[in-house]
Amino acid sequence: MLVPLSWLKEYIDLDLSVDELVKRMTLAGMEVEGVEYIGVEGGELPWDPDKIFVCNILEVRQHPNADKLVLADVDYGAEKPHTVVTGAPNLYQYRDKGPLSHPLKSVFAKEGSRLYDGHQEGRVIVTLKGRPVRGVMSDAMLCSEKELGISDEHEGILILPDDAPVGTPLRDYMGEVVLDVALTPNLSRCLSIIGMAREISALTGLPLKLPEGKPKANGKSIEGRVKVTVEDSQLCPRFMAGLAEDIKIGPSPFWMQQRLRYAGMRPINNVVDISNYVMLEWGGPSHFFDADKVTDGHLVIRPAKEGERLTTLDGKPRELSAGQVLVCDPTGPLSLAGVMGGESSEVSDSTTRILVEAATWEPTSIRRTGQTFKLRSEASYRYERNVDSELLPTILNRCLQLLEDLAGATVAQGAVDVYGQPWQPYEMELPAREVKRLLGIELSAEEIAAQLAPLGFEPVVQGSGPEASVKVKVPSWRRDVQFTADLVEDVARLYGYDKIPATLLPDELPAADPHPELELEQKVRDLLAGAGLNEAITYPLTNMEWIARIDPAAADPSKYVRLANPSTPEREFMRHHVLTSLLEPLALNLREREKVQLFEIGRAYLPVEGELLPNEPLRLAIAMAGPRDLLAWHTPSNKQVLDFFDLKGVIEMLIERLGIEHQVMVVPCNDDPRLHPGRAARLVRAQGRKLGKKPVPDAAPLGVFGELHPQVRQRLELPAQRVAVAELELGELLAMAVEPRYHSISRFPATIQDFAVIVDRSIPASRVQAVLDQAAGNDLESITLFDVYEGPQVGEGKRSLAYRLSFRAADRTLSDETLVKVRAKIIKSLERELGASIRA
Amino acid sequence: MAFTEDIDALEKRALEALAAVSDLAGLAEWKSTYQGKQGEVTKASRGLGALPSEERPAAGQRINALRTKLEAAYEQAEARLKEAALNQELEQDSIDVTLPGRKPEVGRLHPTTQILRQVSEIFSDLGFQIWESREVETDELNFGLLNTPPDHPARDMQDTFYIETPPDAPKVVLRTQTSPGQIYAMRRYAPEPVRVLLPGKCFRNEKVTARSEFMFYQFEFLAVGRNITMGDLKGTLNVLAERMFGKGTRTRLRPSYFPFTEPSAELDVSCFICKGKGCRICKHSGWLEIGGCGMVHPIVLRNGGYDPAEFSGFAGGFGPERIGMLKYDIDDIRLFYSDDLRFLEQFS
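As you go down the protein sequences, you meet chains C and H in turn.
Numbered according to this note's numbering, the first sequence spans residues 170 to 1009.
Numbered according to this note's numbering, the second sequence spans residues 19 to 366.
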């Protein structure tokens, strides 16, 4: 909300500097987000009090040498008039009419004045210099609003009201400081200048001066001429109406226009401006109907019927739905209550009779109507946040008074008041110890009462000592106060949050549950970073087009968690795979560099049949592509690219470090449409996988990894190189993790035996290793595959896998005899189970 | 005295020859020439027998002196030559140490993760446990139980993404805050005291600009107990501020409004760049706005299973991106989740 300081000062004698006021307001919850200084010190362009004055234009003459220029003789309080050359079109009408009979007030700026350049875009400061214009010396100026920095208006010079005091520095006449105050939704009471003044009064102890506002009301009684029927008082707790006649529509006075402008509203005419002015002044909206357009002077407040129509003030026909609140007359809807008036009963230039509505509306209904029509007005904004019904007589009277004073109205005696839901005053009790309990500060009941009194709570201290409490009457404008905590907040706010001493939490520590998964998740992050991968965090929202590029069959919108109100179609669906998202930064970064290794730990969102909320499994996605070694002097030929095995190595490392190598196994995967069918694998649970036992894959997959299918790579417009990707069920893997167990370190030496196993190419290495594992017996310490060879030496369709086995017993040196036996057993098993031969 | 002279000559010759030896092979040759079984000294000693007996003791002594001297000279020469050989080897093995090293490739954690870790450590030290809760959440949990019923004006503060659900089903949202976790945590522990830190992703349907993102992280902290005051909140925030932004960082609470806290506050910390004097980062105010906090609203306490007359608590929710932007002088929040490595690589 924009608050012109001079307006605020009308209700409170502020003796604080602007900076101090800003600080006090901000520290009391009325955050001042900005301060605009218009023409005064502190701003970009103060109006020099020795150079810029209110002036009167005495006579306007045609410039002798230029059609579009005039010469104005100006009285600015100096001994004799000064002639100014100007091109202001709004002076043309006075050209060569001789001395003007009526005052024509404007702003005069002397040579040396600093002003904004009216002819340049934006705000560029220039210093006024004298120079001849078409043969006539011009060393002063009449100013436009733009030149003064009041607005961007530069069509003509600023015309001031007739009573503007000639010779007064403009700074003193209309300089202003405007505070931009951000108000949180609980501060609806401050959505007016007076509301703000009340709060500042409580804050500073300075007295509040409220304006008297009563119309003379010399007109005929309203009795029988205006009738109001409220069908549902829940929707309209109070409706007041007044009648103003003999209205003369015209511009509102300069001071009112000026205040409205500084407060961010555009002046329209005296009638509209009065309604806006009173709303800003008191916080209560009003609505003016052309009384002659209201059939029988009868206003009916009722919910709309489905399909009813109303053309609102902005000229838009609107189809109404049931429940929206209308102000109607017997012939139909006149206005969308609390949100926007209707065109048919709008006040026009020919209006002479006005029916003034001052009403309150149920906030939720106003909010919904505004949302439905995407209509937000200053009025609806206030109604949504609750307007005080008790304030309505003040609003109505103030409007009528101003209509009398500024629009020549004759106001009918009396008012109509339908008050279906009268304010029910309530009291609350705030025990002093409650303040201590919540804030940690010791305040007596008297001190608490002193804080609350200026806010209108009429506090009374009850009892004494530690059991003392403060009884308050909650003011009608403070419906937000429901709990003692609400009163405690007001006490804290006025006492000053900064004065509450900082303390440490009482030292009894509450119980905590163990969260091993969270710790392991951190460990996985560290391991992956240690392995050279960078952590990414992506948007879990994606779109069908991107999904279709990765897997056309997966692009079925009905299978996804979908936003009802996406901000962009690109982010409409919640991913099924973290990898779907991670491929975005992979593609982005591959445009910039040749090697990218990323991982992300995040959630997938899987709808569950019959459930409101989706499953959100924790996943790990990896994407890596590019040369294995970065170009460097020691690796000048970085031609080897990251592939399946680089990725698999990372996954194996993780599995080992989680201690779950005996619970999982890797099986080929040729049916994931995203992946190269010959270069992909699944990680699955393995049952009974221990040394010496043959592993059996379990049905439950723990993830898939491999190289992207070349077609997918093309559809993603990735460079033509291998891209190794993975998506693992991290949540499940972490839950399987096993703490390490120490095995005693043998004092006896290890014995190494190598086996070059020649087998059919079709036999997977994992099978060969499993046979070795099983046959090698309990003294096997480790198996390392150290060579894979295919070629003429081993024959067509065969390959040689060279393994190094290390044997070691815990309790003795293994004898040659034992080793010979084991070797024979291994060779036999390999031959029998795999048809393998052993190369010497 | 011809014999003595011969020995003198031999000594001179041998020492000269030794001085000329330049490597260990030459030294071995010298040794056999002079000190070997067939060497010159042995040969010379054979001449002793031909001497008159009265001359023999002196001549014998002379020969022995020669042997000792040559032995010493040999050892010296050997040491010299070994050192020379080692030096030569070292020199041949020397490298240009200014060539770049072979750097191991080590990845980095996302800056958000790094900040959340730091925050987690600080709160862990204060006895808070870490909790996570779901991201797709019911409207009831995200708003309703947090004292923000439908049509509450405070909903304007958080533009919400709604999930498509059947028309008669309860509303589902992408959580706009990590606060729903408060309810889960309170319901788990009530009526026992609780302290939790809830980090996680949040979403708001806001226009994406350099200052605002539709996805961001939040860490929510919540402490509920029998004697928890706003003073304790301030004390906790002081610890957070000093450990996060450096010793001497001051805090300031400004009254604010959130439906789930009462009293509510906005936390400012003194600008750690200019130490509160005013600079570009703090827009010359000396203060940096960090986020919202306050005393848990009685309705929220009740929804969590606590009796607000007996229990009180504080809560707050801050953004790691905001902290990161201030700490590292990042001017565009969109950089965080675009995952450009040129950005990610800047954080150790």
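I should point out that these hints are in silico values taken from the structure, not numbers from a laboratory.
Positions of the beta carbon are idealized from the N, C-alpha and C atoms, including for glycine.
Hints may contain errors.
Said to hold, decoys possible - Computed footprint of chain C on chain H; a stretch qualifies when at least three of its residues, placed anywhere within it, have a C-beta under 8 angstroms from a C-beta of chain C:
#1 42–55
#2 286–300
As the list claims (entries may be wrong) - If you only want the chain C side, here are some residues facing chain H, beta carbon under 8 angstroms, derived:
#3 Glu-381
#4 Gly-382
#5 Ala-386
#6 Arg-662
#7 Tyr-666
#8 His-684
#9 Ser-736
#10 Glu-739
Okay, the hints, checked on the actual structure:
1. 42–55: violated (count 0)
2. 286–300: violated (count 0)
3. Glu-381: violated, 32 angstroms
4. Gly-382: violated, 28 angstroms
5. Ala-386: Constraint on C:Ala-386 not satisfied, violated at 36 angstroms.
6. Arg-662: Holds, about 5 angstroms.
7. Tyr-666: Where the cut-off is 8 angstroms and the nearest Cβ of chain H is about 4 angstroms from C:Tyr-666, the hint holds.
8. His-684: holds, 6 angstroms
9. Ser-736: Hint holds; C:Ser-736 Cβ to chain H Cβ min 5 angstroms, cut 8 angstroms.
10. Glu-739: violated, 11 angstroms
The structure shown violates the earlier hints numbered 1, 2, 3, 4, 5, 10.
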